[in-house]
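Participant: Chain D is fixed; fit chain E onto it per the hints.
Residue numbers (our numbering), protein chains in the order written: chain D, 151 to 261; chain E, -16 to 95.
Be careful, since some hints might not be right.
Claimed, not checked - In silico SDA-like links for lysine to any residue, alpha-carbon gap of 25 angstroms or less:
{"hint": "1", "chain 1": "D", "residue 1": "205", "chain 2": "E", "residue 2": "78"}
{"hint": "2", "chain 1": "E", "residue 1": "20", "chain 2": "D", "residue 2": "180"}
{"hint": "3", "chain 1": "D", "residue 1": "153", "chain 2": "E", "residue 2": "26"}
{"hint": "4", "chain 1": "D", "residue 1": "163", "chain 2": "D", "residue 2": "245"}
{"hint": "5", "chain 1": "D", "residue 1": "207", "chain 2": "E", "residue 2": "-16"}
{"hint": "6", "chain 1": "E", "residue 1": "51", "chain 2": "E", "residue 2": "15"}
{"hint": "7", "chain 1": "D", "residue 1": "207", "chain 2": "E", "residue 2": "12"}
{"hint": "8", "chain 1": "E", "residue 1": "41", "chain 2": "D", "residue 2": "152"}
Claimed, not checked - According to the in silico footprint, chain E covers these stretches of chain D (three or more CB under 8 angstroms from chain E):
{"hint": "9", "stretch": "182 to 194"}
{"hint": "10", "stretch": "198 to 207"}
{"hint": "11", "stretch": "212 to 223"}
{"hint": "12", "stretch": "228 to 235"}
Simulated from the structure, these hints should not be mistaken for lab results. Heads up, the beta-carbon is just placed ideally off N, CA and C, and yes, glycines get one too.
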Amino acid sequence: DVKVTQSSRYLVKRTGEKVFLECVQDMDHENMFWYRQDPGLGLRLIYFSYDVKMKEKGDIPEGYSVSREKKERFSLILESASTNQTSMYLCASRSSSETQYFGPGTRLLVL
Amino acid sequence: GENVEQHPSTLSVQEGDSAVIKCTYSDSASNYFPWYKQELGKRPQLIIDIRSNVGEKKDQRIAVTLNKTAKHFSLHITETQPEDSAVYFCAPGGTSYGKLTFGQGTILTVHP
Chain D
151 DVKVTQSSRY LVKRTGEKVF LECVQDMDHE NMFWYRQDPG LGLRLIYFSY
201 DVKMKEKGDI PEGYSVSREK KERFSLILES ASTNQTSMYL CASRSSSETQ
251 YFGPGTRLLV L
Chain E
-16 GENVEQHPST LSVQEGDSAV IKCTYSDSAS NYFPWYKQEL GKRPQLIIDI
34 RSNVGEKKDQ RIAVTLNKTA KHFSLHITET QPEDSAVYFC APGGTSYGKL
84 TFGQGTILTV HP
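Bound-form chain D, shown alone (with noise of 0.2 angstroms):
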């Protein structure tokens, strides 16, 4: 069985303040994302990896960075939270049949 998981369930952050959200997959797969889920938007790309240090930008990729130092590890950074940042953050990894398998989310709300 694939397993993603992602370093919190619930945060909540000052305005302005640094905010590092972790996911961590167990399938040795290649491609990472970043989603973040609002709602009658869909979940709209952020960022993703397809290999150590190797990052991609999504559609939304203002205001967020994204690290991968190793295979299994995928942190998305805001570097200054601001209050439109309030959000589900999603995590997925991509096996090679192209599904993509989902962290439980970390539900953000910035003051």
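Facilitator: Frame of chain D, contents of chain E only:
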């Protein structure tokens, strides 16, 4: 980039009825067409997918049909049950490192 639209945004059916959700996309290079289901408070999970060399695929009560010429694909659920109530997302892709573009979602409610 890919533009994806799903219709309807909400769908309410009686148990036992059929449900159909349609997804249109813009990128003619897309060659992989999955549907994900997200139950309340849970993570999205793949329920069925199809590739561009196939027109239809069935798995028990669910099926996906693809019209590549018209650039749309549809999810069909027959004999709906209350446990089918969820948000369904289409997510065409397959062109770049497995990147998918998700639709805005369809909330399906099955009334007992």
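Participant: A separate judgement is required for each hint: does it hold in the structure or not?
Facilitator: Here is what the structure says about each hint:
For the given pair, residue 205 of chain D sits about 16 angstroms from residue 78 of chain E by alpha-carbon distance, which is consistent with the 25 angstroms threshold. For a cut-off of 25 angstroms, the pair hint linking residue 20 of chain E to residue 180 of chain D stands: about 24 angstroms separates their Cα positions. Of the pairs offered as hints, the one joining residue 153 of chain D and residue 26 of chain E holds, with about 12 angstroms between alpha carbons and a cut-off of 25 angstroms not exceeded. Straight-line distance between C-alpha atoms of residue 163 of chain D and residue 245 of chain D comes to about 33 angstroms, which puts the hinted pair past the 25 angstroms bound.
A threshold of 25 angstroms between alpha carbons decides the hint, and for residue 207 of chain D with residue -16 of chain E the separation of about 12 angstroms falls inside it, so the pair holds. For the suggested pair residue 51 of chain E and residue 15 of chain E, the alpha carbons sit about 11 angstroms apart, so the restraint of at most 25 angstroms is met. Taking the CA atoms of residue 207 of chain D and residue 12 of chain E, the gap is near 20 angstroms; set against the 25 angstroms cutoff, the hint holds. Only pairs whose Cα atoms come within 25 angstroms are accepted, and residue 41 of chain E paired with residue 152 of chain D is accepted, the gap being roughly 24 angstroms.
For the stretch 182 to 194 of chain D, the proposed coverage by chain E is satisfied: 7 residues have a C-beta within less than 8 angstroms of a C-beta in that chain, meeting the threshold of three. Counting residues of the stretch 198 to 207 of chain D whose CB lies closer than 8 angstroms to any CB of chain E gives 3, so the stated coverage by that chain holds, three being the minimum. With 0 residues carrying a beta carbon less than 8 angstroms from a beta carbon of chain E, the stretch 212 to 223 of chain D misses the three-residue requirement, and the given coverage is violated. Under the rule that three or more residues need a Cβ within less than 8 angstroms of chain E, the assignment of the stretch 228 to 235 of chain D is violated, with 0 such residues.
Checked against the numbered hints listed earlier, the structure breaks hints 4, 11 and 12; every other hint is satisfied.
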